[in-house]
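Each chain, letter by letter, is given below.
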Amino acid sequence: MKPKAIKSQAGSASDAAEWQLRLYVAGQTAKSIAALNNLKQLCETHLAGRYAIEVVDLLVNPQLAAGDQILAVPTLVRKFPEPIRKIIGDLSNEERVLVGLDVQPLRPGVI
Amino acid sequence: MPPRQKRPNKEKDRELPKASTGIQGLDEITSGGLPRGRPTLVCGGAGCGKTLLAAEFLVRGATESGEPGVFMMFEESAPELTQNMRSMGFDLDKLQKQKKIALDYVHIERSEIEETGDYDLEGLFIRLAHAIDGIGAKRVVIDTLEALFSGLPNHAVLRAELRRLFRWLKERGMTAIITAERGDESLTRYGLEEYVADCVIVLDHRIKDEISTRRLRVLKYRGSSHGTNEYPFLIGDRGVSVLPITSLGLSHKAHQQRVSTGIPGLDEMLGGKGVYRGTSVLVSGSPGTGKSSIGASFANAACQRGERVLLMAYEESPSQLIRNMRSVGIDLARWQEKGLLEIHASRPTLHGLEQHLVLMHELIAQVKPSVVVVDPISNLSMNPDGTLLKPTLMRLIDYLKCSDITGLFTTLTSDTEGSPATSEVGVSSLMDTWILVTNLQANGERTRTLQVLKSRGMAHSNQVREFVFSGNGLDLIEVHLVNNQVLTGTARVLQEVQDRAAEELRKRDHERKLAELASYRQTTEAQINALKADLDRRVNEVEFSIARENFQADSVAARSRPGHGAAKTESKRTKNSRKRNR
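Which chain is which? The protein sequence lines are A and B, in order. For the first sequence, this note's numbering begins at -5 and goes up steadily by one. For the second sequence, this note's numbering begins at 3 and goes up steadily by one.
Source of the hints: derived by calculation from the structure; they are not laboratory data. A few of these clues could be false.
[Unchecked claim] No more than 25 Å apart at the CA atoms, straight line, and that leaves these computed lysine to aspartate or glutamate pairs for DMTMM-like: (1) LYS73/A - GLU111/B; (2) LYS73/A - GLU117/B; (3) LYS34/A - ASP29/B.
Just so we're clear, the structure is a prediction, and the values are computed from it rather than from any experiment.
Bound-form chain B, shown alone (with noise of 0.2 Å):
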């Protein structure tokens, strides 16, 4: 019996409950939410965004949850901390007269206070509890406890309040969150962690290359596996937002569909379809090559689909896009206004790289998009090398593929000859579909040239065709092979403009032979009718002749022999025979 009982209390156990944090991808993170019923602890360092954590973990918990929560604030007063929230988009004057939120702000003035004796903080206990009971909160969060160490002297008597009040709201069954200051060398300045060690979140704010990122990790997770990276995450106009990049796995579903690149020349090298749906495509190539027409002419395909897209331009703004777009016949102001397409402009050196791709993530949540274009990825990096981009780029467009949106990054590329693949290693293992745009120098002039490096799944064209711009947009020229040799720009012009005369002289040489035949057929048929003629007129006289020679033998005949009856049947039976030499 008694194995039988413990069976089931294990699988309990195992399935610790958790409480959803609402905050994106924080939640992924750490499977499900935190820990219910228990305390958090959540450490870092000022301004790493802890109350903001905090206090949208309560927000979202009373908003989405139906968690009514009490947040005791010790830094900020309660109309701070409205106000603060308020630029975020929560309002919590509103929550708090549904009764879903109470704020309870606790001031320690040193210098009012004088210790003498023994005491307790009871007080402060009795205040958490009656907020609690106040809305039947199931959340609270502590904003910095730590300001008490600083308020009261005795930390002895502290320490040990502290440790009967993280008790009690295990006690009383409360998801907690208890914010704390990073220390110099502990986890926090007074060492929180000792009493609160079922969750603990450090939050982390970073400055490399003048760029700074926040940061989360999920220090410790008693009783649930977590992902244990840093992840940056982002503060934005909608609260926190995590990314939760590297747990995803390769699992995405492969799509048939096909979506059409918006270059006519473009979709029938890549076996006449375009790309499939949800695969990533890499445009790379030299200045001013052409690489943002491909990425509009994309995006103005997508859009003529009826399908949103979301545009990421980190060169230029989104009305000198538009502007310059038109002038390749892509107009792409009539999709704003539509609302299909969102133009999201902002210099690469706004955010790190990874705050762009939190903030590219928020984006497309909000957007849903179901094509981004990302011109060009290689800005994002301000790190010469690179290393940082493609784990980057891999956890985007993985992101894109679980979410079935296709992509497309162009990358700017030295204009050396050379191999193209070594300075794109880094990405191009991940795309599926590689376009190559190159600048050929020839003849004094510089001719555009597009071609497919690799296409997965698809059969593609393996030869470089030109590409031009035109009013009506882009599109790609077979190409001209003479000697072994592709002809572009004024070559091949040239080469069209000889080709054009060498069939017209051909085309006349035909006709000429064509009417020759007709007057020889014409010449030949009247020399038949003659011969017939001349036939026909032999027969004439021939038979003339018989006729007549007949008609002598008849009537010699009939001069010597007498009687009539003879001369009849003489004369029938040499009609008879007139007729068989007819």
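Isolated chain A (complex conformation) (with noise of 0.2 Å):
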């Protein structure tokens, strides 16, 4: 697992982003390869340039698991804005998403 390379792609100024989201995954398995995707793919569309996503991956560090109450993975967490929001699944389901984050799309089409 890179966690810093997703970092990096994930977006510019993390501590001052809009919507902070953390993906929490468990190795690199399919799921979690296709939540990190599914994840980027929507916030480009809807989130672009207001947010930060931190991967954890908690084969590295299971100590992050407890904090935010993590059982299933791959796991979305909304630390910001309050209050947390949590969302479970690979992500595949885009307008569910939407919802869980309660993210407004921006083109009502898109839906």
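Two chains, two frames, some hints: make the complex.
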């Protein structure tokens, strides 16, 4: 796993970003890769320039699982804006991810 | 070769390795503990004590068996659990700091979670693995896994993952307890028993006659024998204790030593030495016959021997009992101060019968007495037919006998005339010694009488004796039999007075007779002396006359015959004859 590499792809200003997302995965499984790809695509479409994604690999940092109450992987956690929301699964259903993140789609036609 | 190789494997299989739970009684039911390295399902309704049982399993494992454990909880948070366990005397904080126990609270908020697409529960596995590796855990508790079912909507994924979880736990060699809520028709609400098939323990909380009793049953234990009955268990202030009663056999060792009952008269009735140590004594009687006092006296005697006594009082509070016993000269307070006597008083309605029994077991284990007095057992059962009492008592007596504890039980019987055996037949056969105290009503008064109905293995008196209380304690009085009737109370006192008077009279009569004899002896001796004197006088007279006659005769001869020599020889001859006459 290369969490740093993904992080650098995710966004430029992670601290200042309007949307702070954290994706928990466990190793390079098909599900986690799919989830990350789906997430990036979705963010670029709807939250371009306003987001930061942090990928946490629980196989590398198992102690982080407890903090966000992670059970299922992959889990996407919306750290900011509050309140914290969690979306589990490979994020393949864009509509449900948007609902889950409470993101207003930019173009109504997309959905 | 192949069969030879197979055999040791089979031996190994037979002896299923077990992990001691450290929970009183549970190890005995499961003959050693839970299956080591396998998951065990503990299921039951709300408030059955599942969490507590599981937590105690972990704590005992960590403190007594040296096996650290992970507690993964879904319902309570770690501080809540710590607080709850503190009331049982388990300090989870300390154990956590010592790295003996790891707590992990898994919180699932259904409203926070949205589900899209495929996922698995690897996160849970990672957390569990992390916690296990962190302290080198050997035991795992997952408290109410079913919270997952309400938290995660996709049950198909969940079930697959649970199956994986149990397999994973087994592979890692974890001795695990998984708790589950009881379902309406199945054992657990979500059918967890499908996955955990090695050992299933069912907890139950039942209310009968408005009194609740918790029960535990080992439903299934693959590869091991186990007690199959329902066992009552208690959540006391030192955790869970289960009563493995009916598993005990009749194999206790019989003692030769005898112990005093504290009542000299009663000891005398029981062959002069009291009852055998480790036996059970039943004292039955109607109200006010002094059953409690016999019990207290028994306890007092044991304390005097320096033994520890547990007194279970179900009618009086300890201070009331002490006060009342002081009135008959039994000072129990000093034994209490010395720590020899432990009085436990509670209302019989506080628990169900079996729970009382569990409590007694706990107290006995704690106090380690050599004498237990239960006053009275008849109150323990609110059930009028008393059907429950017998098995419960049997368990208690068995337990006492196995621990070499002498037990005294009092029981209340109705004051009606008739065979006392009818009401007691349930429990009397369990007892080794049965003492009956009854009230005899006659001549406008009531008197207490005591009899030994049976006493196994010793000669005992068949008499009915009067039983009296005084400021110096209890004692029995010899019976007065007049015209084949036993006299008691005033009649006895009267008889005693009469007897005493008669004896006095007899004594004086004898004295008089002796005096008469003495005076007769005196007169007779005087007469003898007088006769003797008379005799002497006669002897003297006769001798004198003989001497005089001889002298006369000699002098006549001397005159008629001249010469001296002949006279001399003659006088010698007369002297000799005189001696002969004498």
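Tested hints:
| no. | hint | verdict |
| --- | --- | --- |
| 1 | LYS73/A - GLU111/B | holds (15 Å) |
| 2 | LYS73/A - GLU117/B | holds (17 Å) |
| 3 | LYS34/A - ASP29/B | violated (56 Å) |
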